[in-house]
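Undergrad: Read off the chains here:
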Amino acid sequence: MTAISYPLVERTLANGLRVIVSEDHAAPNVAVNLWVGVGSRHESPGRTGFAHLFEHLMFQGSRNVKSGEHFSALMDEGARLNATTWFDRTNYFETVPTGALELALWLEADRHGHLLDAVTQENLDNQRDVVKEEKRQRYDNVPYGTALIDIYATVFPEDHPYHHPTIGSMEDLDAATLDDVHDFFRAHYAPNNTVLTLVGDITPEEGFAAAEKYFGPLAAIPLQNRPRHAQLPPMDGPVRVDRVGDVPNDRLYVAFRLPVDTTPDYLACQVAVDVLGGLASSRLMHRLVRTDETAVAVGGWTMGLVDGVGLGAFTVDVSSGADADEVEQALCEEISRFIAEGPDEAELESVIADTERSWLSALASIEERADHISHHALLTGDPDYVNTFVDRLRQVGADDARAAAAAWLDPGSRAVVRYLSDSSGRGEEGEAA
Amino acid sequence: MTDVARPVVAPPAPWDFPVAQTHDLPNGLRLLTYDVPGQYVLSLRLGLPISLRDEPREREGVATIMARSLDEGTERWSAEEFARLLERKGVSFGAGMADSGLSLDLDVVKGNLEPALDLLRQILTEPAFPQTEVARQVRTRLAEIDQERAVPSARAGLEFVRTFYAAQDRSSRPTGGSRDTVAQITRDDVTQFHADHVVAAGVTMVVAGDLAGLDVPALVDSALGGWSSGGRERDRHLDRPATLAADRSRIVLVSRPGSVQTELVVGAPGPDRSVEGGWAPYPVLGFVLGGSPTARIDAVLREEKGYTYGIRSSFRPRRAGGLFLTSGSVRSDSTPESLHLLVEILGSGSEGFSDKEIRSGVDFISKTAPGRYATADAIADEAVSMALDGRTTEFVTSNLRDLRTVDAARVDAAYARFAERAGIGAGPRPGAGWTIALVGDAEAHLDAISALGLGDVTVVRDEHA
Numbered sequence: 001m002t003a004i005s006y007p008l009v010e011r012t013l014a015n016g017l018r019v020i021v022s023e024d025h026a027a028p029n030v031a032v033n034l035w036v037g038v039g040s041r042h043e044s045p046g047r048t049g050f051a052h053l054f055e056h057l058m059f060q061g062s063r064n065v066k067s068g069e070h071f072s073a074l075m076d077e078g079a080r081l082n083a084t085t086w087f088d089r090t091n092y093f094e095t096v097p098t099g100a101l102e103l104a105l106w107l108e109a110d111r112h113g114h115l116l117d118a119v120t121q122e123n124l125d126n127q128r129d130v131v132k133e134e135k136r137q138r139y140d141n142v143p144y145g146t147a148l149i150d151i152y153a154t155v156f157p158e159d160h161p162y163h164h165p166t167i168g169s170m171e172d173l174d175a176a177t178l179d180d181v182h183d184f185f186r187a188h189y190a191p192n193n194t195v196l197t198l199v200g201d202i203t204p205e206e207g208f209a210a211a212e213k214y215f216g217p218l219a220a221i222p223l224q225n226r227p228r229h230a231q232l233p234p235m236d237g238p239v240r241v242d243r244v245g246d247v248p249n250d251r252l253y254v255a256f257r258l259p260v261d262t263t264p265d266y267l268a269c270q271v272a273v274d275v276l277g278g279l280a281s282s283r284l285m286h287r288l289v290r291t292d293e294t295a296v297a298v299g300g301w302t303m304g305l306v307d308g309v310g311l312g313a314f315t316v317d318v319s320s321g322a323d324a325d326e327v328e329q330a331l332c333e334e335i336s337r338f339i340a341e342g343p344d345e346a347e348l349e350s351v352i353a354d355t356e357r358s359w360l361s362a363l364a365s366i367e368e369r370a371d372h373i374s375h376h377a378l379l380t381g382d383p384d385y386v387n388t389f390v391d392r393l394r395q396v397g398a399d400d401a402r403a404a405a406a407a408w409l410d411p412g413s414r415a416v417v418r419y420l421s422d423s424s425g426r427g428e429e430g431e432a433a
Numbered sequence: 001m002t003d004v005a006r007p008v009v010a011p012p013a014p015w016d017f018p019v020a021q022t023h024d025l026p027n028g029l030r031l032l033t034y035d036v037p038g039q040y041v042l043s044l045r046l047g048l049p050i051s052l053r054d055e056p057r058e059r060e061g062v063a064t065i066m067a068r069s070l071d072e073g074t075e076r077w078s079a080e081e082f083a084r085l086l087e088r089k090g091v092s093f094g095a096g097m098a099d100s101g102l103s104l105d106l107d108v109v110k111g112n113l114e115p116a117l118d119l120l121r122q123i124l125t126e127p128a129f130p131q132t133e134v135a136r137q138v139r140t141r142l143a144e145i146d147q148e149r150a151v152p153s154a155r156a157g158l159e160f161v162r163t164f165y166a167a168q169d170r171s172s173r174p175t176g177g178s179r180d181t182v183a184q185i186t187r188d189d190v191t192q193f194h195a196d197h198v199v200a201a202g203v204t205m206v207v208a209g210d211l212a213g214l215d216v217p218a219l220v221d222s223a224l225g226g227w228s229s230g231g232r233e234r235d236r237h238l239d240r241p242a243t244l245a246a247d248r249s250r251i252v253l254v255s256r257p258g259s260v261q262t263e264l265v266v267g268a269p270g271p272d273r274s275v276e277g278g279w280a281p282y283p284v285l286g287f288v289l290g291g292s293p294t295a296r297i298d299a300v301l302r303e304e305k306g307y308t309y310g311i312r313s314s315f316r317p318r319r320a321g322g323l324f325l326t327s328g329s330v331r332s333d334s335t336p337e338s339l340h341l342l343v344e345i346l347g348s349g350s351e352g353f354s355d356k357e358i359r360s361g362v363d364f365i366s367k368t369a370p371g372r373y374a375t376a377d378a379i380a381d382e383a384v385s386m387a388l389d390g391r392t393t394e395f396v397t398s399n400l401r402d403l404r405t406v407d408a409a410r411v412d413a414a415y416a417r418f419a420e421r422a423g424i425g426a427g428p429r430p431g432a433g434w435t436i437a438l439v440g441d442a443e444a445h446l447d448a449i450s451a452l453g454l455g456d457v458t459v460v461r462d463e464h465a
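Protein chains in written order, with full-length UniProt numbering: chain A, 1 to 433; chain B, 1 to 465.
Don't take every hint at face value.
Stated by the list, open to error - Calculated lysine-lysine pairs in the PhoX-like style (CA-CA distance at most 25 Å, straight line): (1) A:Lys66 x A:Lys213; (2) A:Lys66 x B:Lys356; (3) B:Lys356 x B:Lys305; (4) A:Lys66 x B:Lys305.
What the hints assert, rightly or not - Away from chain B, derived, C-beta distances all over 10 Å, residues of chain A: (5) Thr12; (6) Thr120; (7) Glu171.
Stated by the list, open to error - Computed Cβ-Cβ distance ranges for the label pairs, DEER-style: (8) A:Asp179 x B:Asp355: 39 to 47 Å; (9) B:Asp180 x A:His286: 30 to 38 Å; (10) A:Pro45 x B:Arg429: 52 to 60 Å; (11) A:Pro222 x B:Glu304: 32 to 40 Å; (12) A:Lys66 x B:Thr405: 25 to 33 Å; (13) B:Asp3 x A:Asp125: 23 to 31 Å.
Simulated from the structure, these hints should not be mistaken for laboratory data. Every residue, glycine too, gets a C-beta built ideally from N, C-alpha and C.
Put together the whole structure using the sequences plus the hints.
TA: Below you can see the structure in the form of structure tokens.
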């Protein structure tokens with residue numbers, strides 16, 4: 001057992017920017033990480049994919065920065081940088097040599113404060129095309145590439161903010177206008193909707209002073225965030241979607257609504273999902289892969305979200321010649337058995353040891369550490385979660401995991417998305433409740 | 001509101017790769033340790049100089065099946081018991097074959113190093129290769145072959161090596177074996193391959209992380225000192241270059257009717273790290289041509305045209321000879337124009353590079369080094385990769401020093417040397433020297449691609465599974 005105790009010092013600037021500094025002088029680098037409280041869950045109907053398209057525009061110039069200069073100026077100083085968009089947030093990050101920290105903050109403040117001075121129709125049109133290619137590459141042109149999109153649409157109600165994927169639809173990307181860009185920036189991009197984390201070769205006082213110097217002049221905005229949705233209950237009956245087409249083998253995704261991220265019930269579900277499908281020595285591995293030999297691979301994962309629901313799923317790659325219906329039935333039997341019995345001591349010990357190593361590996365790099373700190377500062381209000389996560393998981397007892405599985409992983413509330421090879425001679429693509 | 005003045009950047013201090021302590025065990029195992037304070041997960045890597053050419057032709061893939069079966073049961077434990085033993089100690093383990101040899105990766109929190117080493121000992125010296133587990137790994141690999149055929153980037157890669165390397169060379173075929181050969185692999189094949197090749201002679205082991213308070217050499221000696229040397233000497237690296245196909249300069253188009261994108265791989269023979277004139281200019285070349293969103297390729301194909309999410313180029317050195325590879329995907333209806341532009345840009349090196357471009361490449365590669373090698377796993381990965389290349393990580397440091405002296409003249413000369421050896425720009429055909437593999441809608445694009453005059457175009461149609 002390794003004690004995790006990364007130092008964290010936090011200060012909020014007068015304009016509402018939350019700044020967190022974690023000092024670590026092991027390398028002459030600083031990880032700069034900004035999380036903005038806007039993601040695809042804030043998108044309006046007819047504008048899916050917009051938060052992500054907007055993120056691309058953040059690299060196309062701002063008041064004092066030319067198009068593309070954000071990348072080139074930072075890379076010339078030895079920065080590794082990018083940005084990502086997800087349901088609940090958008091993040092912007094660079095790891096820089098210590099001497100380039102102030103340049104990074106200057107560039108970030110320029111675009112986070114003054115993007116609209118530089119946005120053009122030409123840039124919007126170009127990045128719209130680039131994002132469409134990103135969608136084709138990641139989702140449309142690979143086998144099973146649209147499975148997650150199907151899962152979100154099946155598990156979350158139609159009017160729920162997680163019903164549509166962050167990548168959006170081609171039609172909505174086409175519909176995006178320059179006015180949308182202006183409205184979106186003014187509604188969401190401001191210091192009081194942002195967390196700035198600095199991890200690395202810097203003291204807290206140096207970090208706060210630099211943040212104040214570059215971000216202090218930015219003005220707060222009136223935020224009009226609605227309250228988060230109330231917790232969604234589990235689905236009230238099994239739902240399934242079958243996609244029959246050109247995939248190498250049948251694959252099942254069996255998904256469930258979960259509690260929101262970091263709650264004790266969410267963590268208990270995480271333990272249950274790991275024991276059932278996440279560990280190398282999981283129950284589904286034992287049953288489907290090693291004993292029945294009806295699957296070549298199994299997996300189990302959870303996705304922590306904040307707006308009234310989380311997501312958990314098991315994935316199964318069905319062996320050639322095995323029957324997908326029977327595999328699904330066996331999977332449900334294993335879940336039911338877990339709900340009846342709960343995990344044993346060795347299983348709990350495995351989850352903790354495996355999680356501890358993977359969590360420490362994640363925190364080993366300053367960029368990933370900064371990202372987790374920003375995440376929890378922005379979305380759960382508790383950046384110290386990086387230090388306490390493993391201990392919290394350790395507190396999940398066998399009965400907690402069993403009870404959480406009974407409440408949230410009941411096979412009667414599952415959503416099943418199946419990608420079936422059309423060579424197996426099944427019927428037409430369709431949805432059935 | 002007044003804008004804050006743009007700050008001036010203080011240049012970083014020169015940086016050296018961490019220095020290893022070396023310990024040679026009598027059985028031929030060489031241990032390299034890197035103490036990296038604050039890295040609480042230790043990264044262990046082993047590099048075994050085992051060649052894919054050691055596989056029997058009709059059993060290709062046996063090294064991969066053997067690697068994946070190493071932790072699937074030992075003399076004392078069943079596969080499931082062993083998986084649980086690893087997991088209860090928080091050990092992640094993996095093994096895989098590559099052109100440079102067999103690599104084993106093991107990560108574990110510092111406090112569990114000793115039990116992890118005993119588990120590693122069992123993996124290396126006491127694997128049981130149970131029949132059911134070998135058969136399962138064979139089935140899994142066969143399913144993986146189907147996946148590789150279905151994923152455009154993987155499919156393009158397979159077609160590239162098939163076109164680029166001579167048919168009799170092992171490199172022309174999948175590292176993990178093909179359907180016909182993998183289906184033949186038996187437990188006896190795996191057991192024999194392990195007995196013949198997984199021996200300590202010539203093996204390099206790396207342990208990186210926060211080593212304070214640990215006597216790593218003593219722990220490793222205690223765990224692995226009894227590992228058989230195999231009764232022979234073995235070089236720490238493989239040396240034989242691959243043979244290229246005589247007709248490698250051509251275009252192969254894998255047909256995917258209705259595909260919304262075209263996947264492309266464009267490659268040519270490149271240098272290895274011992275190249276005359278030094279290795280340092282080549283990563284700079286790769287960066288300037290296709291290493292970033294501001295590189296020559298994406299400046300046109302992404303930022304100007306919007307045809308791609310991004311295309312990347314890099315030099316991939318092997319121990320003897322290497323590759324220059326460019327890959328990515330483009331919108332289907334832009335395929336002929338994208339290919340034309342791509343070949344033009346890749347050939348544009350012959351017109352030289354600007355000082356500004358070279359400065360950017362040199363600065364990015366040299367100034368990112370301390371951060372790129374800040375974690376235990378990155379250090380261990382680099383160390384084992386250098387060992388299998390017949391080098392030590394002192395090469396990383398000396399190369400970074402040399403990199404600071406790289407200017408446009410050296411890069412121009414490096415490009416010219418590469419282009420001459422690859423046959424790029426030889427004769428009137430603009431595609432000369434390049435091997436091009438495409439996965440896309442052949443019906444829609446074949447005529448236009450042929451009309452580019454880059455070279456002969458062959459269409460390949462996969463049978464439906």
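Undergrad: All hints are to be evaluated individually against the structure, with a verdict given for each.
TA: Do the hints match the structure? See the list:
{"no.": "1", "hint": "A:Lys66 x A:Lys213", "result": "holds (22 Å)"}
{"no.": "2", "hint": "A:Lys66 x B:Lys356", "result": "holds (17 Å)"}
{"no.": "3", "hint": "B:Lys356 x B:Lys305", "result": "holds (23 Å)"}
{"no.": "4", "hint": "A:Lys66 x B:Lys305", "result": "holds (18 Å)"}
{"no.": "5", "hint": "Thr12", "result": "holds (20 Å)"}
{"no.": "6", "hint": "Thr120", "result": "holds (13 Å)"}
{"no.": "7", "hint": "Glu171", "result": "holds (15 Å)"}
{"no.": "8", "hint": "A:Asp179 x B:Asp355: 39 to 47 Å", "result": "holds (42 Å)"}
{"no.": "9", "hint": "B:Asp180 x A:His286: 30 to 38 Å", "result": "holds (31 Å)"}
{"no.": "10", "hint": "A:Pro45 x B:Arg429: 52 to 60 Å", "result": "holds (53 Å)"}
{"no.": "11", "hint": "A:Pro222 x B:Glu304: 32 to 40 Å", "result": "holds (39 Å)"}
{"no.": "12", "hint": "A:Lys66 x B:Thr405: 25 to 33 Å", "result": "holds (30 Å)"}
{"no.": "13", "hint": "B:Asp3 x A:Asp125: 23 to 31 Å", "result": "holds (28 Å)"}
Going down the numbered hints, you'll see the structure goes against none, and every one checks out.
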